[in-house]
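Participant: Sequence:
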Amino acid sequence: MKTNITLKKQVALLVLLVFSLTISHAQDIAINEVMASNNTTISDEDGDYGDWIELHNYGSSSVNLQGFGLTDDATIPFKWVFPSLTLAANSYVIIWATDKDRTVVGEPLHTNFKISSGGEAITLTNAQSVLVDESPSVALDPDVSYGRQPDGTGPWWYFYTSTPGASNTGTGLSELLVPPTFSQASGLYSNAFDLTISHTNPNAVIVYTLDGSEPLIDNLSGTSFNYKNEYPLDVGDPLGPMLTDSYTSIIYSQAINVYDKSLEPDQVTTKNTNQDPLYIPPSPVRKATVIKARAYVSGIASKIASETFFVWSGGNPYNIPVLSLQIQENLLFGYNEGIYTSGIDFDTWRLENPNNTQSYRPEWNNYWRRGRDYEYPVNLEIFEPNGTELNLVLSQNAGLRIHGNNSRKRAIKNLRFYARSDYDEQSVFEHNLFDSPIPDATVPNNNEFKRIMLRGDGSGGPVSYDVVFNRTMQPIFNGLTRVKPVIHFINGEYWGLNAVRDRIDDHHYALNFDLDNDNVAIVDCKGVNCELDEGSDDDYQAYIDMRDFIIDNNMANPTLYSQATDMLDMASFIDHFVLEIFAANDSFERAFWKARVPVNNGYGDGKWRLSVQDFEASLKDETNWLEFYSDITSGSDNNILLGNLLENESFKNQFINRFADVLNTVFTPTYFNNAVHETFDEIEPYLAENTHRYPRDQFYDPSEKTNLLDWGNTRPTAQRNQIKDYFAISNVVDVDINVSSSEAGFVKISTINIDPATPGVPENPYPWTGKYFEGIPVTLEVTAFPGYEFSHWSGSVTGTNPIIEVTPTGNMQIQANFVTGSASPEVVYFWLMDGEIPNDTPLEFLDATYASNALNSSILYTSCLDGYPFTSGDPNWRKASFERKNSPTPLNYRPEANNDIPYSSDMMKGIQVKQPFRAGDLENTLEFHIPTTELENVKLSFAVSTDGAAQTLLVDYWDGSDWSTTNLMNPSETISDTFEVKLFDFSDVLLANDNPDFTVRMRFDGTDMYAEESKEVVFNNIAIEGETTLSNNVIVKKEVLKVFPNPTNDMLNFKTSEPIDQIVFYNIYGQEINNFHPEGLNFEINIQDFSQGVYLMKVYFNETERTLKIIKN
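Heads up: the sequence shown runs through residues -26 to -1, 1 to 1087, numbered per mature numbering (1 follows the signal peptide of the UniProt record, and there is no 0).
By construction, these hints were calculated from the structure, which means they are not laboratory data.
Heads up, some of the hints might be wrong.
Said to hold, decoys possible - Just the calculated beta-carbon pair ranges, DEER-fashion: (1) Q400 - K1072: 33 to 39 angstroms; (2) P291 - N419: 29 to 35 angstroms; (3) D1063 - D605: 33 to 39 angstroms; (4) N648 - I16: 54 to 60 angstroms; (5) P291 - D874: 35 to 41 angstroms; (6) E947 - L534: 47 to 53 angstroms; (7) E621 - V78: 41 to 47 angstroms.
These numbers were taken from a predicted model, which means no experiment stands behind them.
Backbone N, C-alpha and C define an ideal beta-carbon position, used for all residues, glycine too.
Generate coordinates for the entire structure from the input sequences, incorporating the hints supplied.
Facilitator: Structure follows, in C-alpha cells:
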C-alpha cells in the first residue's frame, strides 16, 4: 500500500512537471506583429486584404496552441480559440483577423473579429487562462504594422515595410510618420504669400515638387523624359523631332513664395495631346501653384501632402466647381508611357502603314490605351464656389484613365478617376457632386462614388444636345447620367471646361441601389452590337435568352408576355425608348443591367433594366424613329424588341400613356426650354477662356441653342402626331383635372403625380391639363392628405372609388372632391438612428429626431451600474451602456418622419442596451417621456433584436404615484435574434390621452440578467403614433406647409395655406444660421450659401411652430 502511494506521488510530480514545462514554453509565444488596415500588403486565400496578427515562437521547443484564446476584448479572453496547431521553435504563423472564423488545421486560420485601425489591444491567453502576451492599443495607418524588434522580446515599433510570417528585420519607427504640414490650406488667395512646410519630427527631411510629380529624395537632380509635338499626319510627312523635358524634387530649406503665375510662360499647354498640328494658346493661360511634399525619417517616406493655391487678385472668376489635377507629367505626355498624347503608338502605326490615309483615327495612338495597366496615380482636388471663395471639398489620391472612344482624339480629353485603397486611405470619393438625386434610388442621399467621370465633350455631334436631353429626363428616369460643368487645371495650368458625370457601372448600381457590385451584370449595346461588360458568360446568355424569348414568342399572348415581364422591367425599357425617339437620336447606345442573383423585389429583382448615353447625334427628324424602332421586319435581334412587345395590348397602352405623360411634363416646351437656357447660361461666362485655351468644334455654339429651342417648341406636337398616326388613333384629347382643394390631396394620372414636386408639373398645378390619346385607357388615382378624405369624382366621370380607369372619347373635365375626415393615426414622434448619434459614447438620453407637434419627446436611460456613464479608462467602460450600434433595418422605418426619404441601410445605424442588465438591486431601464397633448390612442412601436442578452421586454407607465400596467393590452413581449416589430398599445389607458407628462418605462427580463458577455438588445426605428383629439388642428399643424425639394442644392420652395411669421435655420449644434420673414403663401428661399450638411428649420405661424430637417447638398 505504501508503495502504491509513493507511485501516485511520483506520477503527480511528473504531471506537474510536464504542465510546468508547457506553461514555460507557452511563455515563449509572442504576438510579434499586427496590421489593422491591410490595403495592399498581403491577401488571404480568398484574395481579400484583411487584418492580420503574427505569432512567433522564439523558444527552443514546439508549442501546441490548442485551447489558446485570441481576442480584441480583454474581458472575453477566449473570444476566438485556437485549434490543435503546433508552432515549431523559431517559427511564425499568421492569424487573419477577418471575422471569417476559420479553424481548420493546415488551412489559413481566421478569427471571428476584426481589428480597429483606431487602436485595439490584442491579447493571447493560454488554455489555463494565463495571459501569455498582449499587443498595445495603437492607431495604425493603412499598410503599416506594429511589431517587436528583436522578434518576440523586443520593444514595439512601427514598420512601413511589414514582414508577415517572417522576422521583423526592417527599420522601425517609434511613432507614426505623418505627412508634412503647410502653413496655408488649398484655396483661393487675393495676394501673394510665403508658404512654409513643417514637420513634427525635427529630424525629418522634407522633399517637395512644384510640377505635379511625386517628391522623391533620390530625384533631386531631376528625371528626363521624351515627348513629341509633331507627327506624320499625312502620307510622306517626317516623323517630327523628339523633345525633352524633366520633373524634379526639391529639399525644403526656406519659405516658398506663392504668387499669381498666370503671366509666366506655359509649361503643360505647350505639349501636343493628339496627332494633329500643335495648338498653343496665343497668350499664357490662367495658373495656380501646385505643391506636393513628403517627409523622410531614417530613410522612410511619409505619405504625400498635396495642395493647390489660386492667387488671383480679382477674386473667384468661376461659379462652377474647379478641379485641380496633379500628375507626373511624363505619365500624360511622355513619348513612350504617356496616355494623353499620340506618342510612340502613332509613329509605330505610321511606319507600318506609310501610305494609309486614315491617320485621324484614335486607335493608332497612345491615348487609345486602356485598362489597369494604363491607369496612373493622380491627386484630385475639387473646389466648390462660394461667392468670392473657392472651398476645398475633396482632396484624394486616385487612379486616372482616358475615357471614351472617338472622343479620345479631342485635344481636351474626357477622363475617369478611380478611388482605390492602392492610392489613398479613402477607397471611395465622398462628396455630393451633383445638384439632383437619382430618381427612385434605393440610397437617395448617397454621396459616395467609386468612379468619377469627366465627360465635357463627345465626338458624335454637339455635346450641348447630350447635356440637355440628359438633364431633361434624368429627374424621372434613372438610366441617365447627371451632369455638372466644371473647370479643370492640370499641374497648375488652366486646361478648359469639362463636366462631371455619373460613371454608370457596377459600382454605381451598388452604391445607389444598395446592391453588391459583384452581383451586377451589364450588357453594353452600341448600335446593333452588344457585348458583356460586367458579369459572366452565363449573364450574357441570360440577356440573349431574354431577347430571344421576346423575339421568338407571340407577345400578344398574355401568358407569354407575363413571362417577358419577369425578365425585363417594362417601365425602364419604355422610358429609354421614349427618350431615344423624342430626341431623334441615331446613335443608339444603351446598356442592359440587372442583379445577377435576385436579392429583393426592388432593383435587386433580377430583371433587366436600361441606361442610355450619348445624345450628341440627336435632332435627326428626317427619320420617323417610332416607326424605325417598331419595325420587326428589319434590323438586328438587339434592335427589334420594341416592335414585338407592341403586339401586346397592355404594353402598347403602357407605352403610349408613358409617352403622353413625359410629353405632358419634362418634354413640355416650358420645361425643356428652361433646361436649354440653364445649360447654355451656366457655360456662357467661361466659353471665351475655354476657346483661348483650345477652340473646340460643336461646343455650345449659339446655333445649337437655337436648334434645341426650336426642337422644344415643335417636337411635342410632331411627336404626338407620329404616335397618333402609327397607332391609328383618331384624336389627341385634352384631359383637364382639378381638385376641390389643393390642401386636401392630389390626383395621379397614369404615371404622373400632379403635384409641384413632380418634374414638369407647375408650382400651382390645378387646374391641370394634359394631352392624351383617344381610345387609350388611362388610370386616375387620388391621394388624400391626413385630415381629409376623398369623397367622389365629378365632371366627365363619377363615382367614389379612389382608383378608376377612364377611356377618353373626347376632351374631359374631371374633379376629385374631398371632405374633412376624422382623425387618423399619424407618427407624432420618431427616433431616426443615424450617424448623428455619436459612436462609442455611453448615452444618458436620446431625443426624438422628429415631432409633428413641435414638442420634445426623449428617452432617458438609467444603468444598473452606479457611476454611469463611464470614461474609456474605467473598467466598466461600455458595460450596462446605452449607445449606438451599427445595425440597420427597414422594419418600422417611417419615411414621413424623415422628409419622405426612402429607407437606406447606408444612413441607418441603431441603438443598443448592453449587458449586464442587473447589478444588485439596480437594473437597466429606458424611460420614454412622451407629451401626448391633444392626442389619444397612443401606440409605441419599434424594431428590436437581441443576441441572447434578454428574452423579454417589460413595459409599464407612470400613473402619478407608481408604475402600472392597468389596461395595457400587452405589458410584455418576447424578443429574438432577428429584428421584429413590437407594438405596445395604450389606447385603453386613459392617462395616455392628452397628457403632457405621459411616461413609459421599459425593463428587461431573461435567463441571466447579471451576465457580462458583451451581449446586447438592439433597437431601431422607434415611433410614437397617436390620433389628434382636435382633427382640424392636426391639418393646420401638419399639412399647412409643403417644402420641396429636400434635399436641395440651393432653392427651397414653400407652399402654405396660412401666412408664415418667421423661418429660422439652425445647424446641428443648435446655432442659428439665418432667419427669414417671408411674404405671401408661395415663395422661395435660397440657401445656396449654406455649407453642405443637415439643418433644422423652424417655421412659425398661427401661434404654432413646426420643425423640419433640411438637407443641403
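Participant: Hint by hint, say whether it matches the structure.
Facilitator: Checked hints:
no., hint, result
1, Q400 - K1072: 33 to 39 angstroms, "holds (35 angstroms)"
2, P291 - N419: 29 to 35 angstroms, "holds (31 angstroms)"
3, D1063 - D605: 33 to 39 angstroms, "violated (54 angstroms)"
4, N648 - I16: 54 to 60 angstroms, "holds (55 angstroms)"
5, P291 - D874: 35 to 41 angstroms, "holds (39 angstroms)"
6, E947 - L534: 47 to 53 angstroms, "holds (48 angstroms)"
7, E621 - V78: 41 to 47 angstroms, "violated (58 angstroms)"
Of the numbered hints given earlier, the model fails hints 3 and 7; all others are met.
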